[in-house]
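Novice: Each chain, written out:
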Amino acid sequence: MLRVRGLSKTYGRMTVLDDVGFEVGAGEAVGLIGASGAGKTTVARCVLGQETPTRGEISWDGTPVRRSLWRTRTERVWRRHVQTVFQDPRSSLNPRWTVARSLMEPMRNFQPGRNERWRRESAKALLEQVGLDSSHLRRYPHELSTGQCQRVCIARALAPEPRLLVLDEPLSALDLPIQAQIIGLLKGIAGQRELSYLFISHDIVAVAELCRRVLVLERGRIVEEAGVRDLLTRPAHPHTRALVADTPVLRAATAAGLDG
Amino acid sequence: MDGRAARRLLGIPRRDPVGALLLGCLLVAVLVIAAAPLLVDADPVAVNYLEAGLPPSAAHPFGTDNFGRDILVRVVHGGRASLATAGVVVAITVLTGAVVGAVSGYLGGWVDLIVTRIIDVFLAFPRLVLAIAVAALLDAGLAGLVIAVSLVSWPGYARIVRGYAMQLRDEGYVVAARCAGTSRWRILRSHVLGSVIGPVLVLAMVDVGEVILSIAGLSFLGLGVRPPAPEWGGMLNEARSFMAEAPWMFLAPGGAICLVVLSVNYLGDAVRDALDPRRPRLPDRWGGTARGGAEEPDGEVLARVRDLDVTVTAGAQPILSGVCLEVGAGECVGLIGESGSGKSTLALALLGLLRPPLAVTGGTVELFGHDTGGWRGEDWRRFRGRHLGLVGQDPLNALNPVLTVGTQLVETVRAQQRMPKAEARERALKALDLVRLPRRLENAYPHQLSGGMRQRVAIAIALVNRPRLLICDEPTTALDVSTQARILEELATLRVSLGIGMLFISHDLRLVSQITDRVAVLHRGRIVETGDVETIIGSPRHPYTRRLVAAVPNVRVTD
Chain A
1 MLRVRGLSKT YGRMTVLDDV GFEVGAGEAV GLIGASGAGK TTVARCVLGQ ETPTRGEISW
61 DGTPVRRSLW RTRTERVWRR HVQTVFQDPR SSLNPRWTVA RSLMEPMRNF QPGRNERWRR
121 ESAKALLEQV GLDSSHLRRY PHELSTGQCQ RVCIARALAP EPRLLVLDEP LSALDLPIQA
181 QIIGLLKGIA GQRELSYLFI SHDIVAVAEL CRRVLVLERG RIVEEAGVRD LLTRPAHPHT
241 RALVADTPVL RAATAAGLDG
Chain B
1 MDGRAARRLL GIPRRDPVGA LLLGCLLVAV LVIAAAPLLV DADPVAVNYL EAGLPPSAAH
61 PFGTDNFGRD ILVRVVHGGR ASLATAGVVV AITVLTGAVV GAVSGYLGGW VDLIVTRIID
121 VFLAFPRLVL AIAVAALLDA GLAGLVIAVS LVSWPGYARI VRGYAMQLRD EGYVVAARCA
181 GTSRWRILRS HVLGSVIGPV LVLAMVDVGE VILSIAGLSF LGLGVRPPAP EWGGMLNEAR
241 SFMAEAPWMF LAPGGAICLV VLSVNYLGDA VRDALDPRRP RLPDRWGGTA RGGAEEPDGE
301 VLARVRDLDV TVTAGAQPIL SGVCLEVGAG ECVGLIGESG SGKSTLALAL LGLLRPPLAV
361 TGGTVELFGH DTGGWRGEDW RRFRGRHLGL VGQDPLNALN PVLTVGTQLV ETVRAQQRMP
421 KAEARERALK ALDLVRLPRR LENAYPHQLS GGMRQRVAIA IALVNRPRLL ICDEPTTALD
481 VSTQARILEE LATLRVSLGI GMLFISHDLR LVSQITDRVA VLHRGRIVET GDVETIIGSP
541 RHPYTRRLVA AVPNVRVTD
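Residue numbers (my numbering), protein chains in the order written: chain A, 1 to 260; chain B, 1 to 559.
Just so you know, the hints here were simulated from the structure itself, not pulled from any lab data.
Treat the hints with care, as some may be off.
Label-pair distances were calculated between CB atoms; the ranges are [stated by the list, open to error]:
1. A:A245 x B:A415: 48 to 54 Å
2. B:W185 x A:E57: 27 to 33 Å
3. B:G87 x A:R76: 39 to 45 Å
4. A:Q192 x B:N397: 37 to 43 Å
5. B:V121 x A:Q50: 19 to 25 Å
Straight-line C-alpha distance at most 25 Å; calculated SDA-like pairs for lysine to any residue [said to hold, decoys possible]:
6. A:K187 x A:Q87
7. A:K124 x B:R7
8. A:K187 x B:R510
9. A:K124 x B:K430
10. A:K124 x A:R114
11. A:K124 x B:R178
12. B:K430 x B:G363
Just so it is clear, CB atoms sit at the ideal spot from N, CA and C, and this is done for glycine as well.
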């Protein structure tokens with residue numbers, strides 16, 4: 001579905017991405033891990049069409065896509081089908097807008113033919129899908145908890161009926177119990193509709209919960225691509241080994257054998 | 001604007017009676033001035049020397065001027081010129097300024113380059129001089145006046161709005177809108193202008209007074225409304241010569257300008273508040289320099305919190321209730337809880353940094369064996385940074401972006417202890433050694449460092465005065481796993497080598513379990529369980545603790 005080949009990005013003399021290539025199939029969840037500064041967010045921005053790659057090609061459903069000033073039909077389809085959720089749910093909602101208005105923004109852009117009532121009904125349905133209800137429609141972001149804001153962001157990303165969600169560190173701003181809830185929610189949504197994930201994180205454990213295939217990015221290069229079980233048990237590249245080793249664990253957990 | 005914003009706007013009279021009165025005055029003034037020819041049949045320009053310079057009386061409530069014209073009639077008629085012109089000028093400048101500024105700031109690139117050059121040229125001239133030149137060039141009259149004043153006012157607005165728009169360009173919700181397929185013009189219209197309009201309105205309303213006076217100035221030079229036609233600014237100028245003999249001549253137009261400007265300013269504030277759903281922050285109340293008898297630290301228990309209650313003054317809901325916690329010398333205590341549980345509030349209470357609307361309503365905080373109940377600003381200042389250190393969540397916020405690392409370290413030392421600069425610098429360098437940063441970084445600015453290095457600097461600053469207690473409030477949340485692991489190791493080593501006590505606050509049980517001896521679980525403002533790490537993890541008693549332990553992601557493989 002999404003294919004990235006030879007993607008490179010340089011800012012001035014600094015190379016951020018160097019020959020990155022990967023694919024995401026329909027209904028597949030792919031993880032992308034790396035330390036901060038490895039270029040994870042730049043990959044996301046290129047895939048979302050927010051950044052023009054210096055070299056390389058991104059294709060959507062077999063057609064190469066590129067961002068342009070006057071949007072072509074293929075570009076519009078690509079943009080509609082690839083949606084995103086960011087790290088900080090509070091800053092990615094306009095503080096002056098109610099939840100309803102934020103949710104209806106992508107609908108206005110991608111489904112212009114629909115009327116206001118349809119949009120309101122859809123917004124309600126989306127909120128229910130992410131575990132909130134219609135009473136949240138009239139709220140402002142500051143009246144919601146951070147976890148609820150992230151749910152609204154997920155609902156907004158789902159509004160144009162995308163086929164790929166790019167999740168850029170969606171859990172980093174959340175507490176552990178809330179992280180677990182959001183992962184459960186994402187799993188549930190993927191079960192309900194044909195939806196792929198590109199899950200970007202520095203936390204290998206979070207990625208392992210959701211994805212089967214994981215890419216490891218180090219200083220702009222993909223150094224390892226493996227199934228999640230192999231990655232955790234037999235990491236091949238030294239950088240992956242370091243990442244796995246640095247992942248915090250419960251001190252007594254291994255001894256007590258908690259959590260199965 | 002949505003339904004709730006409209007309701008906030010309509011709810012103003014109920015919340016603020018003084019404001020409602022001002023708005024009422026403005027409304028009445030505008031109505032009277034608009035209907036002037038219908039209400040007052042006297043001629044505002046007809047001269048009658050028999051009644052010249054009369055003080056206020058029943059026939060002439062505001063008196064008469066040196067030509068015997070009724071001042072009330074002239075104020076009412078003059079308002080038409082003053083208010084209408086000021087209104088039109090402000091509308092034109094705000095609209096032009098906001099649109100040009102937003103487009104230039106948001107699009108950036110060559111558009112921005114050209115626009116800023118034009119703005120710079122305009123701003124290089126003195127405002128009023130340029131207005132005079134333009135008005136003279138355009139031939140006098142009200143239209144010329146409006147154009148002249150607008151032309152010199154818009155660049156100021158454009159520059160302010162451009163600054164806002166540039167900030168907004170990288171704001172999370174604007175990026176999100178771009179990803180949601182919103183077109184540039186739509187983002188400009190809804191997100192950018194929507195955010196900018198509040199502050200700009202306030203500015204515009206403050207400007208109304210200035211515009212009325214500029215118009216008066218130009219009229220005085222014969223470039224706008226010419227005497228004898230009434231106009232508030234012009235009337236003020238006429239009255240100037242008779243200040244001593246007939247003070248009522250300037251009282252009426254001066255009062256009118258004052259009232260209109262006051263009400264319009266209030267209107268600006270009210271509209272801004274209605275457009276922004278968030279409540280403005282309450283002003284900080286600094287402790288000042290008063291002292292309340294804090295002594296030198298002693299005792300084995302570094303911090304003891306007993307039955308602490310912290311409440312939001314406005315509401316009844318407690319943030320912390322009945323919290324008890326103890327940190328002994330050299331001990332590392334973990335405080336775990338989710339966001340909103342009151343973790344950071346407890347840290348602030350320990351540092352004496354609670355500010356309204358938060359207040360301690362019960363219980364005691366003892367530091368180094370002394371009750372802090374009677375401490376005032378200066379007492380706290382002597383302890384913070386000296387005996388108590390804080391490492392916060394976001395090192396980028398904790399460090400001053402315009403000072404070098406070395407300067408900030410030296411400043412921290414000298415804030416607490418009198419010593420020559422060289423000696424303070426030596427201490428600063430030692431602190432850098434302590435967190436294993438190269439000494440040459442003393443000349444670096446925070447933005448030149450990576451996230452992990454910044455957090456090390458923040459730790460160095462916290463430790464430079466060798467405190468006995470270090471409070472770490474989510475010190476690794478902003479860092480990636482590898483950096484997190486390094487910082488955690490660092491903190492553990494430093495704690496042992498320096499023998500300091502530590503309160504480690506986190507939402508992540510994994511981190512707390514690695515570094516602390518004892519853990520307190522905070523849930524909705526109450527400590528629900530305390531115990532050593534093994535017990536808390538191995539056999540949690542409270543249901544909330546059990547949930548916390550269960551939420552720890554163990555490496556579970558999906559297939």
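Novice: Against this structure, judge whether each hint is valid.
Specialist: We went through each hint and held it up to the structure:
1. A:A245 x B:A415: 48 to 54 Å: 40 Å, violated
2. B:W185 x A:E57: 27 to 33 Å: 29 Å, holds
3. B:G87 x A:R76: 39 to 45 Å: About 43 Å separates the Cβ atoms of G87 of chain B and R76 of chain A, which means 39 to 45 Å holds.
4. A:Q192 x B:N397: 37 to 43 Å: 39 Å, holds
5. B:V121 x A:Q50: 19 to 25 Å: Given a distance of about 34 Å, which is not inside 19 to 25 Å, the answer is violated.
6. A:K187 x A:Q87: 18 Å, holds
7. A:K124 x B:R7: Holds, at about 23 Å.
8. A:K187 x B:R510: 24 Å, holds
9. A:K124 x B:K430: 59 Å, violated
10. A:K124 x A:R114: Status holds; Cα separation ~15 Å.
11. A:K124 x B:R178: Given pair K124 of chain A, R178 of chain B holds - Cα atoms ~23 Å apart, limit 25 Å.
12. B:K430 x B:G363: 39 Å, violated
Violated hints, in rising order: 1, 5, 9 and 12; the structure is consistent with all others.
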